[in-house]
Amino acid sequence: MYDIKHESKGLVSHGVSACAGCGLELIMRNVLDVLGEDTIIIIPPGCSALFSGFGNETALKIPGFQGNLENTAACAAGVRAALNAKGNKDTTVLAFAGDGATVDIGIQALSGVLERRDKVLYVCYDNEAYMNTGIQGSSSTPYFASTTTTPAGKPTGRKDLVQIAIAHDIPYAATASIHNLSDLRKKVKKAKDTDGPSLLHIHTPCPTGWRYDPGKSIELAKAAVQTGCWILYEYENGKTTINYKPAELKPVEQYIQPQGRYKGLTGEQRQELQEHVTKTYEKYIKKLENIG
Amino acid sequence: MPFKMLDGNAAAVEAMKLAKVQVVSAYPITPQSSIAEKLSELVASGELKAEYIRVESEHTAMSAATTAQLAGVRAATATASQGLALMHEVLGMTAGNRVPIVMPVVNRGLAAPWTLWCEHGDAMSERDMGWMQFYCQNVQEVLDLTLMAYRVAEDENVLTPAMVCLDGFFLSHSMQKIDVPDQELVDAFIPPYKPKNLYLDTKDPMFICDLTGPNEYTEMRYQQKIAMDNAFDVIEKAQKEFSERFGRELDIVEGYRTDDAEVVLVALGSMCGTAKYVVNKLREQGKKVGLLKITVFRPFPVKQIREVLKGKKVVGVYDRSAGLGGQGGPVWCEVSASIKDLECDIRHYVGGLGGRDVTAEHIEQIFNELMEIYAGERKYHTQWIDVKENAMEIRQVIKNV
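Residue numbers (the working numbering), protein chains in the order written: chain X, 1 to 292; chain E, 1 to 401.
Calculated directly from the structure, the hints in this document are not laboratory data. The reader is advised that the hints may include incorrect statements.
[Unchecked claim] Simulated crosslink set (DSSO-like; lysine-lysine; CA at most 27 Å straight-line):
hint: 1; chain 1: X; residue 1: 119; chain 2: E; residue 2: 49
hint: 2; chain 1: E; residue 1: 20; chain 2: X; residue 2: 86
hint: 3; chain 1: E; residue 1: 17; chain 2: X; residue 2: 119
hint: 4; chain 1: E; residue 1: 203; chain 2: X; residue 2: 86
hint: 5; chain 1: E; residue 1: 38; chain 2: X; residue 2: 86
hint: 6; chain 1: X; residue 1: 279; chain 2: X; residue 2: 263
hint: 7; chain 1: E; residue 1: 203; chain 2: X; residue 2: 190
hint: 8; chain 1: X; residue 1: 86; chain 2: E; residue 2: 49
hint: 9; chain 1: E; residue 1: 203; chain 2: X; residue 2: 192
hint: 10; chain 1: E; residue 1: 17; chain 2: X; residue 2: 86
hint: 11; chain 1: X; residue 1: 5; chain 2: E; residue 2: 203
hint: 12; chain 1: X; residue 1: 216; chain 2: X; residue 2: 159
hint: 13; chain 1: X; residue 1: 89; chain 2: E; residue 2: 17
hint: 14; chain 1: E; residue 1: 196; chain 2: X; residue 2: 5
hint: 15; chain 1: E; residue 1: 276; chain 2: E; residue 2: 379
hint: 16; chain 1: X; residue 1: 89; chain 2: E; residue 2: 203
hint: 17; chain 1: X; residue 1: 245; chain 2: X; residue 2: 190
hint: 18; chain 1: E; residue 1: 194; chain 2: X; residue 2: 86
hint: 19; chain 1: X; residue 1: 222; chain 2: X; residue 2: 279
hint: 20; chain 1: X; residue 1: 245; chain 2: X; residue 2: 287
hint: 21; chain 1: E; residue 1: 196; chain 2: X; residue 2: 61
hint: 22; chain 1: E; residue 1: 20; chain 2: X; residue 2: 89
hint: 23; chain 1: X; residue 1: 86; chain 2: E; residue 2: 196
hint: 24; chain 1: E; residue 1: 38; chain 2: X; residue 2: 119
hint: 25; chain 1: X; residue 1: 216; chain 2: X; residue 2: 250
hint: 26; chain 1: X; residue 1: 119; chain 2: E; residue 2: 20
hint: 27; chain 1: X; residue 1: 189; chain 2: E; residue 2: 203
hint: 28; chain 1: E; residue 1: 194; chain 2: X; residue 2: 119
hint: 29; chain 1: E; residue 1: 194; chain 2: X; residue 2: 89
hint: 30; chain 1: E; residue 1: 203; chain 2: X; residue 2: 61
hint: 31; chain 1: E; residue 1: 281; chain 2: E; residue 2: 379
hint: 32; chain 1: X; residue 1: 245; chain 2: X; residue 2: 189
hint: 33; chain 1: X; residue 1: 9; chain 2: E; residue 2: 203
hint: 34; chain 1: X; residue 1: 119; chain 2: E; residue 2: 203
hint: 35; chain 1: X; residue 1: 119; chain 2: X; residue 2: 61
hint: 36; chain 1: E; residue 1: 196; chain 2: X; residue 2: 89
[Claimed, not checked] Chain E regions said to be covered by chain X (calculated; three or more residues, Cβ under 8 Å):
hint: 37; stretch: 19 to 26
hint: 38; stretch: 47 to 54
hint: 39; stretch: 64 to 77
hint: 40; stretch: 88 to 96
Idealized CB from N, CA, C, for every residue including glycine.
With the hints as extra help, turn the sequences into a complete structure.
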């Protein structure tokens, strides 16, 4: 049993070593608050490992295991199978990984969990690059964003995690964002109550990696949705619901202007990015409406 | 006790079934063994009450088995060659988190070039990952050593995973008559699984495997080293109990006609059967030869090896893996180091790679060389056994040179 050094509200200790303005911390606190203490978490060695702890201290009051970067889903499947073998269908098995550990190196194991219909709740917090290792580009890094491995801006768009999940015909998949926590919490609850695999893809700005004022995380998360750079929707037993559709998209410039990772873009590239976002957004909404 | 005709794969499955594993995660990489499908058949028929995770890779197989066992059940998987190599990263997680999984490893060579057949290169590549390694001479030993492995791995003073290594095809696909113990006998030998030290339980939460600084990492490794040291006593006690319950002897090492032997050959695995045959044949000719069979390779049994090799002037070691770039193969290196203060001429032999048969003739050739060295009639030995004369011409493509 843990020796609790500081009582905290909820299942995450007060004061963790996440960066100032980190959206991941909000996600962790809210997800665990909804799931409750009958939860076992699997965390890979990424930013979320800050919650695993260091040495003999951890930031979490629930049991957890830090696996390898690519096997978060696999480790979750193992825990699920053991609980099933013991007749325990109630405990939530939570896989909690970033974009790199999910859409790049972890996609194979994740696909396995989704295909086998293992009852695992998979949360991918997406800060759009490998932030913990030094801001390297991932396949979730958006078009033109600069990272340490895409210094001139990423020449391609992002991989679409939720559509990949949906292609496995899982019962529940949704996107979410840290600027709308009530929507996020509602989706966590639905995922928890899903009899089978569920996936939440949560967008979270990263002040360290995106290079902006840490006070603006929520503002930027909201701007991503308002400019069409991030779409809030859910897929529930074959039915798609777009949770928020702005009457008119705001200019992408409002979203990218405060971010250092887009600082190097020329006027022409900014125009091209605007066209890319508008085109992708419209195509995507049309697709979602067709599935729905 | 009923006798059954089983191949090595089936014997491994029989042992895992007798140990009542509750979660199975296995993947059929190329080259694979029939262990995964045999286990899935048992789960499907209800003969084995277990959850079967049909995983998408060996990496996942080991990951899922590790966390399943941390969540409180005995978990099973099996692999061979490339699959074991793919598991490499996770093997360290299993061992470092002290998860006592027992895994049959069907020993086969690694690509390149592609091979499907027997050698020890796959398991030897993982020898320092913190797993125990037991090498089987025959199919009966596959069953017996697997049962033993559960008992030893799960002991609270060991808590270390174990590979039960069986030679590809020579054991994995060879049918032999096997004494399969009754379930009640095995139940008394291997009690129901109880997680010790580290476990995932929402009623007693702990976080496992977070980042550990340089101030403690060394100590965590040291704990594993001590666990390996502890294993010898536990193995000896378990072997004694095994022989009382099942009527068969298992040894950490076996000296076969070594007491008065002038030269001794050291070997692992199925070739030990062939080597014993050759020892008997040469003994009939009055040649004083003996075999040292190593069953437990990890932890490496220095004390037991020294007892057998004490006073021997000439020893040969047969490595069924190439040990590329080393002074000799890994078994030779270990045996040499264990008798470094004894006056002994210890020669290394490499052979039996990628399915090449280790024949009685090869072993006889080695014994004869060792006898000549013993008699002072020979200086050099044949380091690689059974290599074709045109070795350097095989598939040499001369382009742009």
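Status of the hints after comparison with the structure:
1. A C-alpha spacing of about 20 Å is found between residue 119(X) and residue 49(E), which places the hinted pair at or below 27 Å, so the restraint holds.
2. Among the hinted pairs, residue 20(E) with residue 86(X) is consistent with the structure: their alpha-carbon atoms are about 13 Å apart, no more than 27 Å.
3. With a CA separation close to 26 Å, the supplied pair residue 17(E) and residue 119(X) stays within the 27 Å bound.
4. Straight-line distance between C-alpha atoms of residue 203(E) and residue 86(X) comes to about 14 Å, which keeps the hinted pair within the 27 Å bound.
5. Under the criterion of a C-alpha separation no larger than 27 Å, the hint pairing residue 38(E) with residue 86(X) is consistent with the structure, at around 23 Å.
6. Of the pairs offered as hints, the one joining residue 279(X) and residue 263(X) holds, with about 22 Å between alpha carbons and a cut-off of 27 Å not exceeded.
7. Between residue 203(E) and residue 190(X) the alpha-carbon distance is near 24 Å, which keeps this suggested pair within the 27 Å criterion.
8. Distance restraint check for residue 86(X) and residue 49(E): the Cα-Cα separation of roughly 11 Å lies within the 27 Å cut-off, and the hinted pair is therefore satisfied.
9. Taking the CA atoms of residue 203(E) and residue 192(X), the gap is near 19 Å; set against the 27 Å cutoff, the hint holds.
10. At roughly 17 Å between alpha-carbon atoms, residue 17(E) and residue 86(X) fall within 27 Å of each other, so this suggested pair holds.
11. About 19 Å separates the Cα atoms of residue 5(X) and residue 203(E), which keeps this hinted pair within 27 Å; it holds.
12. For the given pair, residue 216(X) sits about 26 Å from residue 159(X) by alpha-carbon distance, which is consistent with the 27 Å threshold.
13. For the proposed pair residue 89(X) and residue 17(E), the alpha carbon gap of about 24 Å is at most 27 Å, so the pair holds.
14. About 25 Å separates the Cα atoms of residue 196(E) and residue 5(X), which keeps this hinted pair within 27 Å; it holds.
15. A hinted pair counts as satisfied when its Cα atoms are at most 27 Å apart, and residue 276(E) with residue 379(E) qualifies at roughly 26 Å.
16. Straight-line distance between C-alpha atoms of residue 89(X) and residue 203(E) comes to about 15 Å, which keeps the hinted pair within the 27 Å bound.
17. Proximity of residue 245(X) to residue 190(X) is assessed by CA-CA distance (about 21 Å); at most 27 Å being required, the pair is judged to hold.
18. For the suggested pair residue 194(E) and residue 86(X), the alpha carbons sit about 13 Å apart, so the restraint of at most 27 Å is met.
19. A hinted pair counts as satisfied when its Cα atoms are at most 27 Å apart, and residue 222(X) with residue 279(X) qualifies at roughly 20 Å.
20. Proximity of residue 245(X) to residue 287(X) is assessed by CA-CA distance (about 14 Å); at most 27 Å being required, the pair is judged to hold.
21. Proposed proximity of residue 196(E) and residue 61(X) is supported: the alpha carbons are some 20 Å apart, at most 27 Å.
22. Proposed proximity of residue 20(E) and residue 89(X) is supported: the alpha carbons are some 21 Å apart, at most 27 Å.
23. Taking the CA atoms of residue 86(X) and residue 196(E), the gap is near 17 Å; set against the 27 Å cutoff, the hint holds.
24. Straight-line distance between C-alpha atoms of residue 38(E) and residue 119(X) comes to about 25 Å, which keeps the hinted pair within the 27 Å bound.
25. Between residue 216(X) and residue 250(X), the direct Cα distance comes to roughly 17 Å. Compliance with the 27 Å bound is thereby established for this hinted pair.
26. Our distance criterion of 27 Å between C-alpha atoms is met by residue 119(X) and residue 20(E), whose separation comes to about 24 Å.
27. Using a Cα cut-off of 27 Å, the hinted pair residue 189(X) and residue 203(E) holds, with the two alpha carbons roughly 22 Å apart.
28. For the proposed pair residue 194(E) and residue 119(X), the alpha carbon gap of about 24 Å is at most 27 Å, so the pair holds.
29. The suggested pairing of residue 194(E) with residue 89(X) holds, with an alpha-carbon distance near 20 Å, which does not exceed 27 Å.
30. As the CA atoms of residue 203(E) and residue 61(X) are separated by approximately 11 Å, the hinted pair is consistent with the 27 Å bound.
31. Distance restraint check for residue 281(E) and residue 379(E): the Cα-Cα separation of roughly 25 Å lies within the 27 Å cut-off, and the hinted pair is therefore satisfied.
32. At roughly 22 Å between alpha-carbon atoms, residue 245(X) and residue 189(X) fall within 27 Å of each other, so this suggested pair holds.
33. A C-alpha spacing of about 19 Å is found between residue 9(X) and residue 203(E), which places the hinted pair at or below 27 Å, so the restraint holds.
34. Simply put, residue 119(X) and residue 203(E) have alpha-carbon atoms about 20 Å apart, close enough for the 27 Å limit, and the pair holds.
35. Taking the CA atoms of residue 119(X) and residue 61(X), the gap is about 22 Å. The hint holds against a cut of 27 Å.
36. Using a Cα cut-off of 27 Å, the hinted pair residue 196(E) and residue 89(X) holds, with the two alpha carbons roughly 23 Å apart.
37. Given a C-beta distance limit of less than 8 Å, the hint that chain X covers the stretch 19 to 26 of chain E holds, as 3 residues qualify and 3 suffice.
38. Under a criterion of three residues with beta carbons nearer than 8 Å to beta carbons of chain X, the stated coverage of the stretch 47 to 54 of chain E is upheld, 4 such residues being counted.
39. Evaluation of the coverage hint for the stretch 64 to 77 of chain E: fulfilled, as 11 residues show C-beta separations to chain X shorter than 8 Å, against a requirement of three.
40. Residue count for the stretch 88 to 96 of chain E with a Cβ under 8 Å from a Cβ of chain X: 3. That meets the three needed, and the coverage hint holds.
Of the numbered hints stated above, none is contradicted by the structure.
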